[in-house]
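Given the coordinates of chain H, assemble chain W onto it according to the supplied hints.
Number of protein chains: 2
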Amino acid sequence: MEAPFIVIIASGSEITAGRSLDTNSGWMANELFELGWKVKKFITLPDDPDLILLELQTLKRLAETRPVLVLMTGGLGPTEDDYTLETVLKLSGKKSYSVEKAKIRLTRIYESRGKQYSDILPTVIRQTHVPEDTKTLDNSVGIAVGFVEPIGVDSYLVCMPGVPSEMKEMFTRRLVPELKRIYPRENLVQKTKWLWNIGESLYQKDFVETHRDRLFQDVEWGVTANRGYIKCIFQSTDSKKLEAIISELETQYSKIISDDVFSFVHEELLSKNLTIAVGESCTGGLLGKKLTDSPGSSSYFIGGFLTYSNEMKEALLSVPGEMIESFGAVSKEVASAMVEGIYQKTNARYCISITGIAGPGGGSDEKPVGTVWIGLKTPDGSIETHSYIFPGNRESIRENASNTALFLLYQSLKQRKI
Amino acid sequence: MEAPFIVIIASGSEITAGRSLDTNSGWMANELFELGWKVKKFITLPDDPDLILLELQTLKRLAETRPVLVLMTGGLGPTEDDYTLETVLKLSGKKSYSVEKAKIRLTRIYESRGKQYSDILPTVIRQTHVPEDTKTLDNSVGIAVGFVEPIGVDSYLVCMPGVPSEMKEMFTRRLVPELKRIYPRENLVQKTKWLWNIGESLYQKDFVETHRDRLFQDVEWGVTANRGYIKCIFQSTDSKKLEAIISELETQYSKIISDDVFSFVHEELLSKNLTIAVGESCTGGLLGKKLTDSPGSSSYFIGGFLTYSNEMKEALLSVPGEMIESFGAVSKEVASAMVEGIYQKTNARYCISITGIAGPGGGSDEKPVGTVWIGLKTPDGSIETHSYIFPGNRESIRENASNTALFLLYQSLKQRKI
Numbered sequence: 001m002e003a004p005f006i007v008i009i010a011s012g013s014e015i016t017a018g019r020s021l022d023t024n025s026g027w028m029a030n031e032l033f034e035l036g037w038k039v040k041k042f043i044t045l046p047d048d049p050d051l052i053l054l055e056l057q058t059l060k061r062l063a064e065t066r067p068v069l070v071l072m073t074g075g076l077g078p079t080e081d082d083y084t085l086e087t088v089l090k091l092s093g094k095k096s097y098s099v100e101k102a103k104i105r106l107t108r109i110y111e112s113r114g115k116q117y118s119d120i121l122p123t124v125i126r127q128t129h130v131p132e133d134t135k136t137l138d139n140s141v142g143i144a145v146g147f148v149e150p151i152g153v154d155s156y157l158v159c160m161p162g163v164p165s166e167m168k169e170m171f172t173r174r175l176v177p178e179l180k181r182i183y184p185r186e187n188l189v190q191k192t193k194w195l196w197n198i199g200e201s202l203y204q205k206d207f208v209e210t211h212r213d214r215l216f217q218d219v220e221w222g223v224t225a226n227r228g229y230i231k232c233i234f235q236s237t238d239s240k241k242l243e244a245i246i247s248e249l250e251t252q253y254s255k256i257i258s259d260d261v262f263s264f265v266h267e268e269l270l271s272k273n274l275t276i277a278v279g280e281s282c283t284g285g286l287l288g289k290k291l292t293d294s295p296g297s298s299s300y301f302i303g304g305f306l307t308y309s310n311e312m313k314e315a316l317l318s319v320p321g322e323m324i325e326s327f328g329a330v331s332k333e334v335a336s337a338m339v340e341g342i343y344q345k346t347n348a349r350y351c352i353s354i355t356g357i358a359g360p361g362g363g364s365d366e367k368p369v370g371t372v373w374i375g376l377k378t379p380d381g382s383i384e385t386h387s388y389i390f391p392g393n394r395e396s397i398r399e400n401a402s403n404t405a406l407f408l409l410y411q412s413l414k415q416r417k418i
Numbered sequence: 001m002e003a004p005f006i007v008i009i010a011s012g013s014e015i016t017a018g019r020s021l022d023t024n025s026g027w028m029a030n031e032l033f034e035l036g037w038k039v040k041k042f043i044t045l046p047d048d049p050d051l052i053l054l055e056l057q058t059l060k061r062l063a064e065t066r067p068v069l070v071l072m073t074g075g076l077g078p079t080e081d082d083y084t085l086e087t088v089l090k091l092s093g094k095k096s097y098s099v100e101k102a103k104i105r106l107t108r109i110y111e112s113r114g115k116q117y118s119d120i121l122p123t124v125i126r127q128t129h130v131p132e133d134t135k136t137l138d139n140s141v142g143i144a145v146g147f148v149e150p151i152g153v154d155s156y157l158v159c160m161p162g163v164p165s166e167m168k169e170m171f172t173r174r175l176v177p178e179l180k181r182i183y184p185r186e187n188l189v190q191k192t193k194w195l196w197n198i199g200e201s202l203y204q205k206d207f208v209e210t211h212r213d214r215l216f217q218d219v220e221w222g223v224t225a226n227r228g229y230i231k232c233i234f235q236s237t238d239s240k241k242l243e244a245i246i247s248e249l250e251t252q253y254s255k256i257i258s259d260d261v262f263s264f265v266h267e268e269l270l271s272k273n274l275t276i277a278v279g280e281s282c283t284g285g286l287l288g289k290k291l292t293d294s295p296g297s298s299s300y301f302i303g304g305f306l307t308y309s310n311e312m313k314e315a316l317l318s319v320p321g322e323m324i325e326s327f328g329a330v331s332k333e334v335a336s337a338m339v340e341g342i343y344q345k346t347n348a349r350y351c352i353s354i355t356g357i358a359g360p361g362g363g364s365d366e367k368p369v370g371t372v373w374i375g376l377k378t379p380d381g382s383i384e385t386h387s388y389i390f391p392g393n394r395e396s397i398r399e400n401a402s403n404t405a406l407f408l409l410y411q412s413l414k415q416r417k418i
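Chains as they are written, first to last, in the UniProt record's numbering: chain H, 1 to 418; chain W, 1 to 418.
Bound-form chain H, shown alone:
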């Protein structure tokens, strides 16, 4: 079977008015990419039934010439401006019916709040409706039922709720197995590695171009730029080819390569009963925030110090005033004194300090905007310091600095492990 022409539609006037960002389409495209499917087009439409119908009619006509898969989110809610079901019924000329299982679930939810079926508004009941002769997709998070409507030979229109948590659960648990059944294909393997503080174009030139002929046959690759790191993605049906690439990548970039730093740091600190504390200047709390993003972080994150001013570096972390005077607040010496101060106050096994110039002001020829010193005290008592000049604006420099601090922690945890 020919691979389907995949189109993702997001409906919602709040998106086309620029008041809300559609993250569903990108999320689905990424999931599909990992399954080996490439999306050909995203479309976003306001809650306008005429425009939606016009678009679906165009796609249905396209399905007369080749397999088409349309994934649409939004418009299945209980408000006036939810038009998806109505539009699909117009498109297909079908009638709708209420899915018994969903109706029972809805009734139970109302009963648990001390209400009964007759209290439920018709627009809420409408959410349990789907067109006749469709494959239904259960919603285990919310109310609205999803469905897969045939629109041609090997062609389908999938309608799902726009609430991300409902859509994601439905996509992963209900839709993906269905898609694998409808469009059977070879299993694609994917590998991802992160490289730190290196540009996308330099990586392409030094790695992809250099090894293209030898390593990249039948391998798809992609790269995405993030704050402080790039993600290198490789896909193939041949896992040996991927292994060869990863091995070459690990040799060439041994000092700056990592897996997912955020999840590794979390898992490792948690499972090894380690503790950590931080002292932040230019990042103002961003490192602490990142270290406490995951549930369970209270097991390892003890606390920290936001020593934004020089006075606070002295008062809270006992950094000598003369040291700040002589070397400047953004210096190897101060980064080192900060971690020592954090350790004295918290006794945490790992201590991290960050001091830098986030800009836009405060830079000099000697220490330009973006200059950041990071200090790390490890459980063996040793202190290491690293300096960087991060590119970009204030936000970018702060993100770079806190992510890179986590990468240094990752490297230390990784060495411990070996």
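Keep in mind that the hints were calculated from the coordinates and are not lab data. All residues carry an ideal CB built from backbone N, CA and C; glycine is no exception. Check the hints yourself; a few may be wrong.
[Claimed, not checked] Footprint (simulated), chain W over chain H, 3 or more residues, beta carbon under 8 Å:
| id | region |
| --- | --- |
| 1 | 294-300 |
| 2 | 311-325 |
[Stated by the list, open to error] Straight line, CA to CA, 20 Å or less: simulated DMTMM-like cross-link-like pairs of lysine to aspartate or glutamate:
| id | chain 1 | residue 1 | chain 2 | residue 2 |
| --- | --- | --- | --- | --- |
| 3 | H | K255 | H | D206 |
| 4 | H | K40 | W | D50 |
| 5 | H | K191 | H | E248 |
| 6 | H | K205 | W | D81 |
| 7 | W | K90 | W | E64 |
| 8 | W | K40 | H | E80 |
| 9 | H | K38 | W | D48 |
| 10 | H | K231 | W | E14 |
| 11 | H | K40 | W | E14 |
| 12 | W | K168 | H | E395 |
| 13 | W | K205 | W | E250 |
| 14 | H | K40 | W | D48 |
| 15 | W | K60 | H | E55 |
| 16 | W | K40 | H | D48 |
| 17 | H | K205 | W | E14 |
| 18 | W | K205 | H | D81 |
| 19 | H | K180 | H | D154 |
| 20 | W | K38 | H | E55 |
| 21 | W | K168 | W | E34 |
Below, chain W alone, put in the same frame as chain H:
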């Protein structure tokens, strides 16, 4: 003249693969909304010249029936997969030429790096090219020149770079004046107010529905949900009508209404030479991060304490252990003791503490997940505490808590001002 049918196109395979999020389209739609224009459709396409051409041909055909305005970003860069210029030349049957001004600018940039014109790669020079007979849009941030290509009666295809900083500058400085000239229209006035910790649907029912007949004639309204607050947007050509709505809104929601809290807090702390320090438990640094997002925040943000563990609440902020024992770490008493401790250690004029249960674990019947106490010590020495039960997941609760803390600060600063 009939209002144009506006379509925004973003091109980029990294977007349709889900590796990068298109924020350009939403940004432009929002800017256009404030100018009184509504966007009918967003389209995102991979870097595939055939798909792009097909789409532009379809839109050019639509322009035979009505005015169409297409705003396209991306594909003007110097790499192999930048196809915008080539595609537009195919669409129009025109030739391109190099814009003299842009070529001079490019040469100067190369000369400043000690290189000469002959060093510039042809693909880089291509960025200075535009189709003949178009209105050019100067790029004062990067290299690639934008242009406005006529595609029918009162219909235009605008091509701009995909780099957000280049596009935004070009859009605001070059394109908007051009659009106002091409599509003259009445001046639209817009007012925005924020309401805190109230649901979108409750606001719609209690305010919009209640006053619809009396206040909303010839007024467009919108509402967007954010973390801790909703933004209420009103537009009209009649500024008196907007004033009547704002006045009603301020009366009905006097305790929870605000303007942009983030910019007000920044401006006010800065201009009044005030200082602030924080102590954060469940937010782990997020409040400090938000208070230091803006350049210049070092003038008022002294520092803070990330007292994530109970031990650190005692050690760093002198919260009595028996108090934590008796009332729990998430309590009015501890929030109050925390701000007092922050003040003792920093002498900041404003001190804010946050202690709460961000979840998903740690909740109880008495204190469910989402329970947060916020303490605020003001320059007159008084301490106020507020409790909330914030909805949503861990991330949402942490965002809600830190934003609401800034709202409390806003209210206190506002009262001082009066």
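Comparing the hints with the structure gives:
1. Given a C-beta distance limit of less than 8 Å, the hint that chain W covers the region 294-300 of chain H holds, as 4 residues qualify and 3 suffice.
2. Coverage of the region 311-325 of chain H by chain W holds. Counting CB-CB distances below 8 Å, 4 residues qualify, and the rule asks for three or more.
3. Between the alpha carbons of H:K255 and H:D206 the distance comes to roughly 15 Å, so the proposed pair stays at or under 20 Å and holds.
4. Proximity of H:K40 to W:D50 is assessed by CA-CA distance (about 11 Å); at most 20 Å being required, the pair is judged to hold.
5. With a CA separation close to 13 Å, the supplied pair H:K191 and H:E248 stays within the 20 Å bound.
6. Between H:K205 and W:D81, the direct Cα distance comes to roughly 15 Å. Compliance with the 20 Å bound is thereby established for this hinted pair.
7. Distance check on the hinted pair: W:K90 and W:E64 sit about 18 Å apart at the alpha-carbon level, within 20 Å; holds.
8. The hinted pair formed by W:K40 and H:E80 meets the criterion: a straight-line CA distance of about 19 Å does not exceed 20 Å.
9. A distance of roughly 12 Å separates the Cα atoms of H:K38 and W:D48; the hinted pair therefore holds under the 20 Å criterion.
10. In summary, the hint linking H:K231 to W:E14 is supported, as the alpha carbons are separated by about 12 Å, within the 20 Å threshold.
11. Taking the CA atoms of H:K40 and W:E14, the gap is near 12 Å; set against the 20 Å cutoff, the hint holds.
12. The straight-line distance between the Cα atoms of W:K168 and H:E395 is roughly 17 Å, inside the 20 Å bound, and the hint therefore holds.
13. Taking the CA atoms of W:K205 and W:E250, the gap is about 16 Å. The hint holds against a cut of 20 Å.
14. Only pairs whose Cα atoms come within 20 Å are accepted, and H:K40 paired with W:D48 is accepted, the gap being roughly 9 Å.
15. Restraint check: the Cα-Cα separation between W:K60 and H:E55 comes to about 16 Å, which is no more than 20 Å; the hinted pair holds.
16. Between the alpha carbons of W:K40 and H:D48 the distance comes to roughly 9 Å, so the proposed pair stays at or under 20 Å and holds.
17. Between H:K205 and W:E14 the CA atoms are separated by roughly 18 Å; this keeps the pair inside 20 Å, and the hint holds.
18. Between the alpha carbons of W:K205 and H:D81 the distance comes to roughly 15 Å, so the proposed pair stays at or under 20 Å and holds.
19. For the suggested pair H:K180 and H:D154, the alpha carbons sit about 13 Å apart, so the restraint of at most 20 Å is met.
20. Restraint check for W:K38 and H:E55: the C-alpha separation of about 18 Å stays at or below 20 Å, so the hint holds.
21. About 15 Å separates the Cα atoms of W:K168 and W:E34, which keeps this hinted pair within 20 Å; it holds.
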